[in-house]
Amino acid sequence: MTLATVDRSAEPAILPSRSALSDLFWRRPKFLLVLMLLPPVLWLGIVYLGSLLALLLQSFFSIDEFSGLINREFTLKTYGELLAPSNLDIIVRTVTMAACVTLASAFIAFPIAYYAARYARGKWKALFYLGVMLPLWSSYLVKIYAWKLILAKEGILNWVMAKLHLTWLIEAWLGLPVVGGTSLSLSLSGTFIVFVYVWMPFMILPIQAALERVPSNLLEASSDLGASPGQTFRNVIFPLALPGIVAGSIFTFSLTLGDYIIPQIVGTSRFFIGQAVYAHQGTAGNIPLAAAFSVVPIVIMMVYLWGAKRMGAFDAL
Amino acid sequence: MRSDRNHRAPLALKIAAGAGLLFMHVPIMLIFVYAFNVEDRTYQWPPPGLTTQWLAVTWNRPDVWQALTLSVKVASISTAIAMVLGTLCAAAVSGSRFFGRETISLLVILPIALPGIITGISLRSAFSLMEIPFSTWTIVLGHATFCIVIVYNNAVARFRRTSGSIVEASMDLGADAFQTFRYVILPNIGTALLVGGMLAFALSFDEVIVTTFTAGQQQTLPIWMLEELVRPRQLPVTNVVAMVVVTVTLLPILIAYYLTRDGDQIAGMGK
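From first to last, the protein sequence lines stand for chains Y and Z.
Position one of the first sequence corresponds to residue 1 (the working numbering), numbered consecutively onward.
Position one of the second sequence corresponds to residue 1 (the working numbering), numbered consecutively onward.
Rather than coming from a laboratory, the hints here were simulated on the basis of the structure.
Just to be clear, a hint being listed does not mean it is correct.
Unchecked claim - Output of the computed footprint for chain Y on chain Z, the stretches with three or more beta carbons under 8 Å from beta carbons of chain Y:
hint	segment
1	13-24
2	27-39
3	122-134
4	138-149
5	170-183
6	220-226
Just so it is clear, the structure is predicted and the values come from calculations on it, not from any experiment.
The beta carbon of each residue, even a glycine, is placed where N, CA and C say it ideally should be.
Start from the sequences and build out the full structure, keeping to the hints where you can.
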């Protein structure tokens, strides 16, 4: 049916405009390419890059301390404010937290990825995939809410610990400086646990992908040459899995760096970068400082991505 | 690694992997228990009793319905926009090599590679600079931007596996560009688009970080939820909404998984 109509339109006598356009696409592939690229590039260029640049531009403005108005003259004064001890404190706290969360995530994610890549087969493999993907995709806020339920004073964690007669352990931990606090949901330890819970699943699949690419004859060669399983792991498997770990760490690090909701709901009153950005642009109305603050994660992530690229992490994505 | 088939996993590895999976799943399961909790003041465990009355209470809450409607509306429009733009971009990038191709794939990925708060505050300051009032469309603008990459990733993976020669064969047999698109390209990339669309919907339905900056006074379901988290007022209703949100987000993921499980790239690997 289709072919019949095609045959007729192929006659050179009368060309319908539709086929003229179609011929144009064929003769000039560049034209079609531009036509296809234009809408997405315009959208991302205007909506996203446009507003991003507008934001960056504002970080070079400053705020008048007395009138609270924004002074639209080029200055580095706002960036200077970032170096004030209280702001530097926020940056150090956030980066340290992101690093700890990334390490802990790699530690928890590795055995899961390792088992899924090397031992799980058939039905079990599918089950592992779903077992990782469902928590990864379930609602961000619900996950935080679940931890609010767990960490609450009358919640399940304290109940379990009481049954195990381990309440003293939690109390001793909360008595420590920095990580301690009045209760788990009001301490940095609580923030850390929720961060790890929410971002750790992003680590598993990249590690699993890297491990699945390790050829089995490499492992056989290693054991033929007399390496013990432990040596094979340290000298063959782990170095080959490292790009996967780095790829996963891009997510855990970047997502922790910019989060402002988790530390607001579970944690102390001490700010993270995200909260500082939110507070400065909101009630304080200090858009220049908020903009300068949001440049910090951008710069850190650029350095991080550059390093990750050098380690070959992008092939593992 | 076929040779491992006969080896048993070491016990320590089994325990570590199992514990990791439990850590991921137990908190979500708790949500389902709390939704039926009799207690309506505290997070007390174990629940003193179970009841289904809160389902009915939540069903009759107009504010929950309003938030749900807005969320569904925003997610649908954003998904539609993202599907068109993401597919176009994927077709262009995988169909040919041209100057700036790498830059374009970077541009698409940027909105989710950078922390969400940056997208959010950029859009907000752009809206205030241009004096655009907050509306459903300001939310859609943000959501569509980060949904493009989801559709794009799925479509690019499929285009990569689809041989370019079938398009040439179709043209040789006399089909014009539109017929080739309708009868050859679309059937080939159809499931990838469907999967990309569903994942984009799930992502948009659940998004809160960018939305807090672009919504103004409007409430999507995640914003409603966030307010309850910051200032808890009605625990039982929040519990039920949490359960519903988990279920609504998981369905598209399950469907997407079953549609792509035989392919070389399983959907949802990158969020």
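Quick rundown of the hints versus the structure:
Coverage of the segment 13-24 of chain Z by chain Y holds [criterion: at least 3 residues with CB-CB distance below 8 Å; count 8]. Interface restraint, the segment 27-39 of chain Z with chain Y: holds (5 residues with C-beta to C-beta distance below 8 Å; minimum three). Only when three residues or more bring their CB closer than 8 Å to a CB of chain Y does the claim for the segment 122-134 of chain Z stand; here the count is 6, and the claim holds. Coverage of the segment 138-149 of chain Z by chain Y holds in this model, with 4 residues showing a Cβ closer than 8 Å to a Cβ of that chain against a need of three.
Counting residues of the segment 170-183 of chain Z whose beta carbon lies closer than 8 Å to any beta carbon of chain Y gives 9, which meets the minimum of three for the stated coverage. With a threshold of 8 Å between beta carbons, the proposed coverage of the segment 220-226 of chain Z by chain Y holds, since 3 of its residues qualify and at least three are required.
Checked against the numbered hints listed earlier, the structure breaks none of them; every hint is satisfied.
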